[in-house]
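Peer 1: What follows is each chain in one-letter form.
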Amino acid sequence: MTQTAISTKQKEEVLILRPTRGWGSLNLRELWVFRELIYFLTWRDLKVRYKQTVLGAAWAILQPFLSMVVFSVFFGGLLRVSSDNVPYPIFSYTGLLPWGVFSKALTDAGRSLVNNRTMITKIYFPRLVIPLSSVLAGVVDFLLAFVVLLGMMWYFDIRLTSNAWSLPLFLLLALVTALGIGLWLSAMNVLYRDIGYIIPFLTQLWFYITPIVYPSSKIPEKWRLLYALNPMVGVVEGFRWALLDTDTAPGPMVTVSAAIALVILISGLFYFRRMERTFADIV
Amino acid sequence: MSDLAIRVESLGKEYRIGQSPERYRTLRDSLVKVVNAPRRLFRSAEKREDSTIWALREVSFKVPKGQVLGVIGRNGAGKSTLLKILSRVTEPSEGYAEIHGRVGSLLEVGTGFHPELTGRENISLNGAILGMKRAEIEAKFDEMVAFADVEKFIDTPVKRYSSGMYLRLAFAVAAHLEPDILVVDEVLAVGDAEFQRKCLGKMSDVAQEGRTVLFVSHNMSAISRMTDETIVLDKGRLLMRAPTREAVDYYMASGFSQTGQRTWEAGEIPSEAAPFQPIALRLYDTKGRVVDTIRSTEPVSVAVEYALNAPITGLRVGIYLVTMRGEYVLTSFDTDNPEMFERFGVRPAGHYVSACTIPGNILNEGRYVLGLNASSFRVKRYFQEEHALTFTVDGTGAPGMQWPEARLGPVRPLLEWQIEAR
Chain A
1 MTQTAISTKQ
11 KEEVLILRPT
21 RGWGSLNLRE
31 LWVFRELIYF
41 LTWRDLKVRY
51 KQTVLGAAWA
61 ILQPFLSMVV
71 FSVFFGGLLR
81 VSSDNVPYPI
91 FSYTGLLPWG
101 VFSKALTDAG
111 RSLVNNRTMI
121 TKIYFPRLVI
131 PLSSVLAGVV
141 DFLLAFVVLL
151 GMMWYFDIRL
161 TSNAWSLPLF
171 LLLALVTALG
181 IGLWLSAMNV
191 LYRDIGYIIP
201 FLTQLWFYIT
211 PIVYPSSKIP
221 EKWRLLYALN
231 PMVGVVEGFR
241 WALLDTDTAP
251 GPMVTVSAAI
261 ALVILISGLF
271 YFRRMERTFA
281 DIV
Chain B
1 MSDLAIRVES
11 LGKEYRIGQS
21 PERYRTLRDS
31 LVKVVNAPRR
41 LFRSAEKRED
51 STIWALREVS
61 FKVPKGQVLG
71 VIGRNGAGKS
81 TLLKILSRVT
91 EPSEGYAEIH
101 GRVGSLLEVG
111 TGFHPELTGR
121 ENISLNGAIL
131 GMKRAEIEAK
141 FDEMVAFADV
151 EKFIDTPVKR
161 YSSGMYLRLA
171 FAVAAHLEPD
181 ILVVDEVLAV
191 GDAEFQRKCL
201 GKMSDVAQEG
211 RTVLFVSHNM
221 SAISRMTDET
231 IVLDKGRLLM
241 RAPTREAVDY
251 YMASGFSQTG
261 QRTWEAGEIP
271 SEAAPFQPIA
281 LRLYDTKGRV
291 VDTIRSTEPV
301 SVAVEYALNA
311 PITGLRVGIY
321 LVTMRGEYVL
331 TSFDTDNPEM
341 FERFGVRPAG
351 HYVSACTIPG
361 NILNEGRYVL
371 GLNASSFRVK
381 RYFQEEHALT
391 FTVDGTGAPG
401 MQWPEARLGP
411 VRPLLEWQIE
421 AR
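Quick mapping for you: the protein sequence lines, in order, are chains A and B. Heads up: the first sequence at position 221 corresponds to 221 in this note's numbering, and the numbers run straight through without jumps. Heads up: the second sequence at position 121 corresponds to 121 in this note's numbering, and the numbers run straight through without jumps.
No wet-lab data here; the hints were simulated from the structure. Take these hints with a grain of salt, some might be off.
[Stated by the list, open to error] Straight line, CA to CA, 20 Å or less: simulated SDA-like cross-link-like pairs of lysine to any residue:
#1 A:47 - B:157
#2 B:62 - B:240
#3 B:133 - A:29
#4 B:202 - B:401
Fair warning: this is a prediction, and the values are worked out from it, not measured in the lab.
Please construct the entire structure, taking both the sequences and the accompanying hints into account.
Peer 2: Structural data, given as structure tokens:
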């Protein structure tokens, strides 16, 4: 009886359930109400990721590190790809860092809805929580890999520049892009399982159109703005500028990248919200 | 402030049949559609390619605050769809529902449990998924662990749990949810008798605290124990709303349960069965209707229909009765009686029905499996199917029903007791 007494004291919430049509509102406030769920799902993804592995979280470091070694030998050493006057290992690693967080977030978010289908068909919560927490879980891997970068910079005797304050902004740009694409892919994946096959292919192609193994200065001047339509161009060049003070200070290219990233995110949010009401029926 | 907890007005849900989980649309199909789109413009009256079904249609009812309302109906009647709409998992296609207060839904226990996480971690996670605040989870943590009885294993990954422990833990989290309105699907259909008893007890507590509960079950005695009023759904429509006793009687009597039979097509009979040819296995209630739910208190007839394409010497046709958990209750053959054994030494070719009656007041409530066997002892087993048919025994009116508890054991006879003062 005490329970009813308490609930009558509070302002009663009335919920109306009816069919909705067309483009709904984003209702991001609800996401805030469910912030603890975002936290718990992120935490679950982290906890589970390296369970029953021998090397555990070392994988977060090994992947970019070994890629860097291979790239340095082949592209830096044998092919002599220019690297904006920075030692090639550092050059490629500063590209691999944001790339790693981006491709991981994109892949995980893209598959997240289908992987969590049991939750979706049994419990109500804003579906956005799922791709969002997949993206957030990738940030921890990034931080681990970042520690290795600091070690490498010490080894090559490169000081942190005064631009370093802007790093979180570029990281945010990478996450926004990944979330935007992830929203599109995850919602489409519910409907079309082809997306599961497209994701690895997409990230592979995307890797080559991003200046990771080569500098964007290789791109002819007149094509650069077009090139920057890939938001990861702005992210990688921003990282190099912030860490190594290369000539790629934020300018028109980063502006274009950021604008595109925002367009992808907002359109992704609307598409996701529109599709979300049928997720439980189709997934 | 109104006294209503739930109001449902001409609620309907339409599913496209092509949307079943087994058949995904592929990108190619959609591309083909886009390519064909201009052509379709010229054929405006073209029929829609996807056929649809209404899982729920024109359903309206109200639930006042504090009521425990039962929902019954056979499979596909729309019970789960109704609960899914009310718990916001899916949207209605027409009509609307109005819900006053916080809804907690229990469509499944253990949603979001991860096998690699420990019991402790899964409690936090599952609590958050069910909508509890972190402080709430922490405050109730010890209570949940005690309820689930897994203190020793709380820091072990749940993949190492026995299925019973897993279920208990999952239910413990769900049971400590404190919403204004609780929506519960067949969660009690799983687990052993002890677990079911615990669940039912907890559910009664919730009901007695004055909360509104919507309770879906196939278990008529659980419905009878828990609820005062019940709605009956059939093929997506609301057939009746009545005091639970009336609704249950109506449901049981209207021959809803027509699946109480197993028939064999020529193609599914193995060739080594010849010359024995099974045709059907059926369950009849006292009024001669084929049923899949029988009352514990009433007798039930089991009939095996078959054909012999050649005479068989020493044939015996019989049944196994097994509980859902795999315990054998009995085995019985049509020539068990020596007299019958003499008479049917050689059974000539022909069309037969072997039937027997399981008396009332024998079987406990629960689900049972009937198996079929046709053999000649030590000569040949012509045909055997251990899982031919399942049926439910409803405990209403069975001995000892005055105590709302699950009885252990597959039989529930009414024994003659004497009580003497000495």
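Peer 1: Each hint: holds or not?
Peer 2: To see whether the hints hold, each was checked on the structure:
At roughly 12 Å between alpha-carbon atoms, residue 47 of chain A and residue 157 of chain B fall within 20 Å of each other, so this suggested pair holds. In summary, the hint linking residue 62 of chain B to residue 240 of chain B is supported, as the alpha carbons are separated by about 13 Å, within the 20 Å threshold. For the given pair, residue 133 of chain B sits about 17 Å from residue 29 of chain A by alpha-carbon distance, which is consistent with the 20 Å threshold. The suggested pairing of residue 202 of chain B with residue 401 of chain B holds, with an alpha-carbon distance near 18 Å, which does not exceed 20 Å.
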